[in-house]
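A.B. asks: The lines below spell out each chain.
Protein chains: 2
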Amino acid sequence: MFADTEYQSRTRRAQAMMADRGIDGLLLTTEPEVRYFTGYLTRFWESPARPWFLIVPATGDPVAVIPTIGAELMGRSWITDIRTWRSPDYDDDGVGLLAATIKELGIKTLATPMGLETHLRMPLDDYARLEATLGSKIVSDDGMIPALRMVKSDVEVAAIQTACDVANRAFARVPEIAKAGVPLSTVFRKFQMLCLDEGADFVPYLSGGAGQGGYDDVISPASDTPLADGDILMLDTGLIVDGYFCDFDRNFAVGVPSEAVANGHAKLIAAVDAAMAITKPGATAADLFHAMDAITTDGAGGSDTGRLGHGLGMQLTEWPSLIPADHTVLTEGMVLTLEPGIEVGGGKMLVHEENIVVTADGARFLSTPYGRDMVQL
Amino acid sequence: MFADTEYQSRTRRAQAMMADRGIDGLLLTTEPEVRYFTGYLTRFWESPARPWFLIVPATGDPVAVIPTIGAELMGRSWITDIRTWRSPDYDDDGVGLLAATIKELGIKTLATPMGLETHLRMPLDDYARLEATLGSKIVSDDGMIPALRMVKSDVEVAAIQTACDVANRAFARVPEIAKAGVPLSTVFRKFQMLCLDEGADFVPYLSGGAGQGGYDDVISPASDTPLADGDILMLDTGLIVDGYFCDFDRNFAVGVPSEAVANGHAKLIAAVDAAMAITKPGATAADLFHAMDAITTDGAGGSDTGRLGHGLGMQLTEWPSLIPADHTVLTEGMVLTLEPGIEVGGGKMLVHEENIVVTADGARFLSTPYGRDMVQL
Chain A
5 MFADTEYQSR TRRAQAMMAD RGIDGLLLTT EPEVRYFTGY LTRFWESPAR
55 PWFLIVPATG DPVAVIPTIG AELMGRSWIT DIRTWRSPDY DDDGVGLLAA
105 TIKELGIKTL ATPMGLETHL RMPLDDYARL EATLGSKIVS DDGMIPALRM
155 VKSDVEVAAI QTACDVANRA FARVPEIAKA GVPLSTVFRK FQMLCLDEGA
205 DFVPYLSGGA GQGGYDDVIS PASDTPLADG DILMLDTGLI VDGYFCDFDR
255 NFAVGVPSEA VANGHAKLIA AVDAAMAITK PGATAADLFH AMDAITTDGA
305 GGSDTGRLGH GLGMQLTEWP SLIPADHTVL TEGMVLTLEP GIEVGGGKML
355 VHEENIVVTA DGARFLSTPY GRDMVQL
Chain B
5 MFADTEYQSR TRRAQAMMAD RGIDGLLLTT EPEVRYFTGY LTRFWESPAR
55 PWFLIVPATG DPVAVIPTIG AELMGRSWIT DIRTWRSPDY DDDGVGLLAA
105 TIKELGIKTL ATPMGLETHL RMPLDDYARL EATLGSKIVS DDGMIPALRM
155 VKSDVEVAAI QTACDVANRA FARVPEIAKA GVPLSTVFRK FQMLCLDEGA
205 DFVPYLSGGA GQGGYDDVIS PASDTPLADG DILMLDTGLI VDGYFCDFDR
255 NFAVGVPSEA VANGHAKLIA AVDAAMAITK PGATAADLFH AMDAITTDGA
305 GGSDTGRLGH GLGMQLTEWP SLIPADHTVL TEGMVLTLEP GIEVGGGKML
355 VHEENIVVTA DGARFLSTPY GRDMVQL
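Those sequence lines, one after another, are chains A and B.
Going letter by letter, the first sequence gives residues 5 to 381 in the numbering used here.
Going letter by letter, the second sequence gives residues 5 to 381 in the numbering used here.
None of these hints come from the bench; they were simulated from the model.
Predicted model only: the values in this text are computed from it and were never measured.
There could be a bad hint or two in this list.
Identical copies go unnamed one by one, so any copy, or any two together, can satisfy a pair.
[Unchecked claim] EDC-like mimics (lysine to aspartate or glutamate), calculated; alpha carbons at most 20 Å apart, straight line:
no. : residue 1 : residue 2
1   : Lys284    : Glu336
2   : Lys284    : Asp377
3   : Lys141    : Asp28
4   : Lys107    : Asp377
5   : Lys194    : Glu180
6   : Lys352    : Asp221
7   : Lys352    : Glu76
8   : Lys112    : Asp24
9   : Lys194    : Asp169
10  : Lys112    : Asp233
11  : Lys112    : Asp377
12  : Lys194    : Asp277
13  : Lys107    : Asp65
14  : Lys141    : Asp129
15  : Lys183    : Asp228
16  : Lys284    : Asp169
17  : Lys107    : Asp220
18  : Lys194    : Glu263
19  : Lys352    : Asp8
20  : Lys141    : Glu108
21  : Lys107    : Asp85
22  : Lys141    : Asp277
Here chain A stands alone, though its shape is the one from the complex (with noise of 0.2 Å):
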């Protein structure tokens, strides 16, 4: 995917970080964390019969110990040492493999993920005979890969910015598809296809919700029930452009929104607006948190929306949490989403989300940003 040189400068900071911990290897399971590494993309992890290896040495390149299937494809990357066996394996699915390749590299503290959204992708059994197969414990990473993985190089940002660009010309085409008596499956259906014909390579996430003036949840799958007038409609996708994702909303308000939809409305861009003037290189996660909690409390603060935004790049939320307890120092590189909700009565919320990458002296939007005033369908 990216040039060699990336893969190479990934893993000599992994090397300092390391050095700096006492970790003398590092053992990775999951989709995103092996490819940091490795560039190794494929939409097979999508199938949980088989596990897959990333040892990050102390020194030197990493060594992958993954199933026979994924050896042609691995062979393409930078990974030289690549060390397979044909999985599943009823007998060892891998674990042999991988506590000699431990051994062989030298590697007496080995660690791994095991903080705040990370988990262990490969079954407990064999974690288990791994650690007795070694004769130690494996012991956390310590926060390395979220410290590492949150900061973007500029190439990572420019392929969100793809993945960006292509949503955010199929939300331009979301009149074509949305409109009163039109159910909000097709909607959901519909607007994944147009994401794929603006060019998406796949859209694994999309939520959203449609109602009278706002709506309920954002996370329920689409109902049929139709559009109707005065009905708001929000999208909100993660699709996928070469490994990387988006992940924004908009909203629409189906005829003319009442006032006080309107202005709940203006109030979340107000938010966003209020964020971005504060987001730069020493603010803080919880520093965005409070500037948009703000606007959509009328100054008063402390509401209970939850997070308010978090980061994102190969999975479709990633650390920090924009939440008052997220102390986070932004650094130039990170790309972060601004999600604000608010109540507009009678139990319906608004959200609303941009995506935007921490710069030198400040912040610049990845997503274009949406106007105060909805699209009307």
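Since the structure of chain A is already known, use the hints to place chain B on it.
C.D. replies: Using the frame of chain A, we list chain B on its own:
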């Protein structure tokens, strides 16, 4: 999604298996497992930010311990005991609430899936914290969840049939989008659009390949290389309708295929037919492997082609695996893919795949079986 009785019946079957195994409670953390017992269907799992927990106690109904953002949607399911916390919470991301719930339910022996094709979807640090809070180690479910999920109910089979029907219709329209001169990446995009147009909710998986007289691998992203006369194009889709997958492929010949390639394809169809002929309750997964392997090796057997099919349902691939080592005894209601592969010279391969369900006295195709002669583009 389904009637409450479906989920209640699953729960009772699980509780009977738990009693056999001396398990007091089951901890579930992944999308298909939580959905299996609740019907909770959302694409929100695409975000790794928040953990989700479901406890199935030895008696009584499951208890959901989930982020507040999911309470509204979970509340529409048959689950009445829903406990929530505002995630992400950096002090305690649900572990305290989960541990308190487990204790309140009087669960001493808590199990979770630990075998092949499973993983734990929560941070390892939090898993260790949970065990420490409980004061006991969590044990393996001893293959309970695979055994339960492998056998589909009638409504599940119907759901998979619906997904297969959508893919059947999309495959029938491939001549509309693929011909010499069209880049493979465009074919991939447009095929996903066809799937959506025919009724897919999402298209999480599409792989395939194209090349002169066959392809090199089937897991790479689509290149921008245009299709050319003499190419074989293969598209393998895992699309979702109402939360259930299909997973099958079709090969297409750009122009007239060579005799070797045409014969290779005919053998794959014959291999599927051979497996179908012996599929019935009592046959094993390995039997199906050998039936197909005998055809693709002209009776020699012992090929090195990896697995020749697998289970299918809420996930693209599920247990069992059609490999020599898998002695799973087939029973009515198991849904399988039959996926033989063959080398056709010049290092090229062909792979063919159909979806079937095991019936009381045999098997039935869920995908509309493809003919011996590839459709020509």
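A.B. asks: One pair to classify: Lys112 and Asp24, alpha carbons no more than 20 Å apart. Within, between, both, or neither?
C.D. replies: within (15 Å within a copy, 41 Å between copies)
A.B. asks: Given a CA cutoff of 20 Å, do Lys107 and Asp220 count as a within-copy pair, a between-copy pair, both, or neither?
C.D. replies: For Lys107 and Asp220, the Cα distance exceeds 20 Å both inside one copy (54 Å) and across copies (33 Å).
A.B. asks: Indicate which option fits the pair Lys141, Asp28 if close means a Cα-Cα distance not exceeding 20 Å: within, between, both or neither.
C.D. replies: within (13 Å within a copy, 28 Å between copies)
A.B. asks: Evaluate Lys194 and Asp277 at a C-alpha cut-off of 20 Å and name the case that applies: within, between, both or neither.
C.D. replies: neither (31 Å within a copy, 37 Å between copies)
A.B. asks: Could you figure out if Lys194 and Asp169 sit no more than 20 Å apart (CA to CA) within one copy, between two copies, both or neither?
C.D. replies: Classified as both; 18 Å inside a copy, 19 Å across copies.
A.B. asks: How would you label the pair Lys352, Glu76 (within, between, both, or neither) given a Cα cut-off of 20 Å?
C.D. replies: Cα proximity of Lys352 and Glu76: across copies only (13 Å, versus 51 Å in one copy).
A.B. asks: Regarding Lys284 and Asp169, is the shortest C-alpha distance of 20 Å or less found within a copy, between copies, in both, or in neither?
C.D. replies: Neither: 23 Å inside a copy, 51 Å across copies.
A.B. asks: Within a copy, between copies, both or neither: where do Lys141 and Glu108 come within 20 Å Cα-Cα?
C.D. replies: within (17 Å within a copy, 31 Å between copies)
A.B. asks: How would you classify Lys194 and Glu263 at a CA-CA limit of 20 Å: within, between, both, or neither?
C.D. replies: Neither way: Lys194 and Glu263 sit 29 Å apart in one copy and 41 Å across, limit 20 Å.
A.B. asks: Treating 20 Å as the Cα threshold, decide for Lys284 and Glu336: within, between, both or neither.
C.D. replies: Cα proximity of Lys284 and Glu336: one copy only (8 Å, versus 61 Å across).
A.B. asks: Checking an output row: Lys107 and Asp85, CA cutoff 20 Å. Within, between, both or neither?
C.D. replies: within (15 Å within a copy, 48 Å between copies)
A.B. asks: Have a look at Lys183 and Asp228 and pick one of within, between, both or neither, based on CA distance no larger than 20 Å.
C.D. replies: within (14 Å within a copy, 35 Å between copies)
The structure fails hints 2, 4, 10, 11, 12, 16, 17, 18, 19 and 22 (numbered hints given earlier, in ascending order).
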